[in-house]
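S.K.: One-letter residues, chain by chain:
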Amino acid sequence: MNAFGLIPLILVFPAIGFLFNALVGRRFVETNRSVGEKWSGWVASLMALSAFVIALLQLFSLVANHYHAEVVTLFDWIRVGNFHVPWAFQIDTLSVTMMLVVTGVGSLIHIYAIGYMHGDKDFSRFFAYLNLFLFFMLILVTGNNYLMLFVGWEGVGLCSFLLIGFWFDRTDAKGEAMNANAARKAFVANRVGDLAMILAMCLTFWTFGSLNFEPVFESAVEMFAHGEMVEFGLFSATLGQVLTAITALFLMGAAGKSAQIPLYIWLPDAMAGPTPVSALIHAATMVTSGIYLIVRSNVLFELVRASDTFIIGSLTSPDLVAYIGAATALLAGLIAFTQFDIKKVLAYSTVSQLGFMIAAAGMGAYVAAMFHLVTHAFFKALLFLSSGSVIHGMEHGHHELHAHGHGGGGHDDHHADDHFDPQDMRTMGGLRHKMPITFAVYMIGTLALAGIFPLAGFWSKDEILAHASTNSGVSFTVVNIMLTLAAFCTAFYMGRQIKMVFFGEPRHDAAAHAHESAPLMTTPLIILAILSVLGGLLNFPFFSEAAYKAASAAHDYGINLALEHWLEHSIAAFELTAAGVIKLPKTPTWVQYNVAGISTALAVIALLAAVFGVYGSRPRTAHERDPLQSTPIWWFAILPINTLVMSGIIPLFNRLADWLGHKLDGAFWHDFFHERLIRDNFVGFAKFSADVLDQLGVDGLVNGSARVTRRFADLIRTTQTGNVSGYALGVFIGVITLVVYFFLQTN
Amino acid sequence: MEVTIEWYIALSTILFTLGALGVLLRRNAIVIFMSIELMLNSANLLLVAFARQFGDLDGQVMVFFVMTVAAAEVAVGLALIVAIFRSRRSINIDEVNTLKG
Chain E
-18 MNAFGLIPLI LVFPAIGFLF NALVGRRFVE TNRSVGEKWS GWVASLMALS AFVIALLQLF
42 SLVANHYHAE VVTLFDWIRV GNFHVPWAFQ IDTLSVTMML VVTGVGSLIH IYAIGYMHGD
102 KDFSRFFAYL NLFLFFMLIL VTGNNYLMLF VGWEGVGLCS FLLIGFWFDR TDAKGEAMNA
162 NAARKAFVAN RVGDLAMILA MCLTFWTFGS LNFEPVFESA VEMFAHGEMV EFGLFSATLG
222 QVLTAITALF LMGAAGKSAQ IPLYIWLPDA MAGPTPVSAL IHAATMVTSG IYLIVRSNVL
282 FELVRASDTF IIGSLTSPDL VAYIGAATAL LAGLIAFTQF DIKKVLAYST VSQLGFMIAA
342 AGMGAYVAAM FHLVTHAFFK ALLFLSSGSV IHGMEHGHHE LHAHGHGGGG HDDHHADDHF
402 DPQDMRTMGG LRHKMPITFA VYMIGTLALA GIFPLAGFWS KDEILAHAST NSGVSFTVVN
462 IMLTLAAFCT AFYMGRQIKM VFFGEPRHDA AAHAHESAPL MTTPLIILAI LSVLGGLLNF
522 PFFSEAAYKA ASAAHDYGIN LALEHWLEHS IAAFELTAAG VIKLPKTPTW VQYNVAGIST
582 ALAVIALLAA VFGVYGSRPR TAHERDPLQS TPIWWFAILP INTLVMSGII PLFNRLADWL
642 GHKLDGAFWH DFFHERLIRD NFVGFAKFSA DVLDQLGVDG LVNGSARVTR RFADLIRTTQ
702 TGNVSGYALG VFIGVITLVV YFFLQTN
Chain Z
6 MEVTIEWYIA LSTILFTLGA LGVLLRRNAI VIFMSIELML NSANLLLVAF ARQFGDLDGQ
66 VMVFFVMTVA AAEVAVGLAL IVAIFRSRRS INIDEVNTLK G
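Heads up: the sequence lines are chains E and Z, in that order.
Numbering-wise (our numbering), the first sequence opens with residue -18 and increments by one.
Numbering-wise (our numbering), the second sequence opens with residue 6 and increments by one.
Keep in mind that the hints were calculated from the coordinates and are not lab data.
Be aware that a few hints might be false.
To be verified - Quick list of the computed label-pair ranges, beta carbon to beta carbon:
id: 1; chain 1: E; residue 1: Thr699; chain 2: Z; residue 2: Val71; range: 21 to 27 Å
id: 2; chain 1: E; residue 1: Leu719; chain 2: Z; residue 2: Ile10; range: 22 to 28 Å
id: 3; chain 1: E; residue 1: Thr727; chain 2: Z; residue 2: Ala88; range: 39 to 45 Å
id: 4; chain 1: Z; residue 1: Val74; chain 2: E; residue 2: Val61; range: 28 to 34 Å
id: 5; chain 1: Z; residue 1: Ala88; chain 2: E; residue 2: Phe713; range: 24 to 30 Å
id: 6; chain 1: Z; residue 1: Ala75; chain 2: E; residue 2: Thr699; range: 32 to 38 Å
id: 7; chain 1: Z; residue 1: Val71; chain 2: E; residue 2: Phe713; range: 16 to 22 Å
id: 8; chain 1: E; residue 1: Leu710; chain 2: Z; residue 2: Ala88; range: 44 to 50 Å
id: 9; chain 1: Z; residue 1: Val74; chain 2: E; residue 2: Tyr722; range: 23 to 29 Å
id: 10; chain 1: E; residue 1: Arg692; chain 2: Z; residue 2: Leu83; range: 38 to 44 Å
id: 11; chain 1: Z; residue 1: Ile10; chain 2: E; residue 2: Ala694; range: 28 to 34 Å
To be verified - Footprint (simulated), chain E over chain Z, 3 or more residues, beta carbon under 8 Å:
id: 12; segment: 23 to 29
id: 13; segment: 98 to 105
To be verified - So the derived list for chain E, only partly shown, Cβ under 7 Å to chain Z, looks like this:
id: 14; residue: Val44
id: 15; residue: Gln701
id: 16; residue: Asn704
Quantities reported herein were computed from a predicted structural model and do not represent experimental measurements.
All C-beta atoms in this analysis are idealised placements derived from N, C-alpha and C, irrespective of residue type, glycine included.
Between the sequences and the hints, there should be enough to build the whole structure, so can you do that?
M.R.: So this is what it looks like as structure tokens:
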């Protein structure tokens, strides 16, 4: 008895929700605002919940099926020669995990959005997009081949574009359509990754003759065992080289979707979208699809590791993945120091945490990557939604302040003549008394993200760090150091944020008049907060090696390592016929007290330093500089913390974060590299193509041929006199000519 | 004096030339029409003459076809001329030149 046959419904429900909201939702909302919003929002939410129920049924079916993966084929999609792609669903522990996260967190965010989007003029359009996003995201995670994955991949990219630019008519102070620009930026940055994806798929098909996961992995293992070469007509390559290329291209695709160096630039800008979108797409689900891709392709990555094929020196492509992830984690963590927009801090934090996951996947800690993916989905969605609640509260406070007919319009409606920015943390402060629920859940999210025992983030982040520290190798050591530093940064910028938002005195009248959001918004927050607290139980490690050995001997692990044992049916050591077994790098199964101790200590120090040290005494106003930019060194000397370390570290951070944030990221990477070098050259080339190549070249050719035809026609139309006897003469002369010709020829 | 084939050829040539000149030079549509008939009949005459000369009936059969087609052509042509006359009160073909380029 199983419910695998119900799997197509997981796509049908969001599709119904999308069609309902796209076709009739608008009319509902326009006819009767309050009833229509209820229908529009709740239909969308119920469809998301129904998909969640289907995902749960898949979970139970898998358990009943002894965790054996099931492939449900719906129909033949493409069959051209030996290129055969079915439209089939891959139901295994990995995809079900993703399904549960996507639909579960997605449902909560849908419900939250009913409250958040209340009053927006395009209420039903928003929910149509959200449902469409769920639809494509579920295609991405349920597909049993790379092409279906790619369909979902592109679809979520489209939805991301639509939702970032949801308020596409908004302009900033300079009159630039910043939301539309941000949407376009995200789309273009993702295209770069998508190109890599397409190339990777072509290469995969060429090498393995299939795009379905199982056959690709099976034949990869088999070819590796036999040491087969891959023929490319003119030359041939070893399997290791081909897989290195494929995995490197996958990494580039993942870098686009999961916002890694060098393509991360779009994610901070994507915060222009409504906050539920930031939570759903740009924190919890879509941006994790790169990690899903790498974890799904774990066989290919491990084969590269086993084949000793190097890109440069002794750098294998999984190492490259780990380095990119760790570098992103550290860089984005440092950049987050310099942000003042409450959502931008969280955006860079997301980039940083995605770096953790990518690094974990690159180090072969696929379970840890998925673990962090799940817990991160909980607490980052929580943080984003809470920040939405804060913004909401600030706006209401602001509206209350100017209570003269600011009716209608969305919540994030800025007024052109109004310099108040409800997302600027410098205008907040003291909100803990105004918004107690939001404050409580925000604190939980912060502590979970910072990795404080015993919240979800502690366990998942520690598993990654423990994996990095217990495996030997240069890449593991380097990544370990970078990630530990990134963990420190995480705690610091989160401490800075809660200090600026919730503590101290209100620094703006809006903050003084803010009040708590409606229960419709706070209830999902509370559920997510509970998940953020308990998330660690998903993959609870043993407390000692002895306990693990005892449980392992008794084959009874209890609640410990649930996710690891759940995922080992999708991600596992696989056997080679000739060359023995390839083992995944081992993730420790019991708590590494030294690692946990160091990271917790660092997190606590960072939180304390941020809350009581750097941002301790004076409330920051919009006109004051950030202490990181202005605090003199002696100021730290009076602190009761280790003076030497603090006076050494903080100015260093001061410089480094400022340099990274404003010079490298802002001035160089965003402004110079992307705006000047790429965008301007691109625009210049486009202008040249349009004005010169097209106008003069293509148009010249087309118009020229038309002109020549016209001239010639003008010339020969003079013979058409309309005079019948003239025509008759022509015929006569023609006949005579022919007769003479034939006469001469016959003689 | 015996009427040899040369006589027929000469007569036919004269008739055909008259017809051709008529088509080229006259302006009255009916006259042009009759000139065309003249050319057709000069050809008929030659066909019959050669049929008799070579004792072969093929030429005479061909004449019947030509006459049939000519009759059909007359029916259509005259109808056209009547239609033109009705709309323009004239059958001078120099005035019928609306189709000039």
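S.K.: Mind listing which of the numbered hints don't hold for this structure, in increasing order?
M.R.: 1, 4, 8, 11, 14
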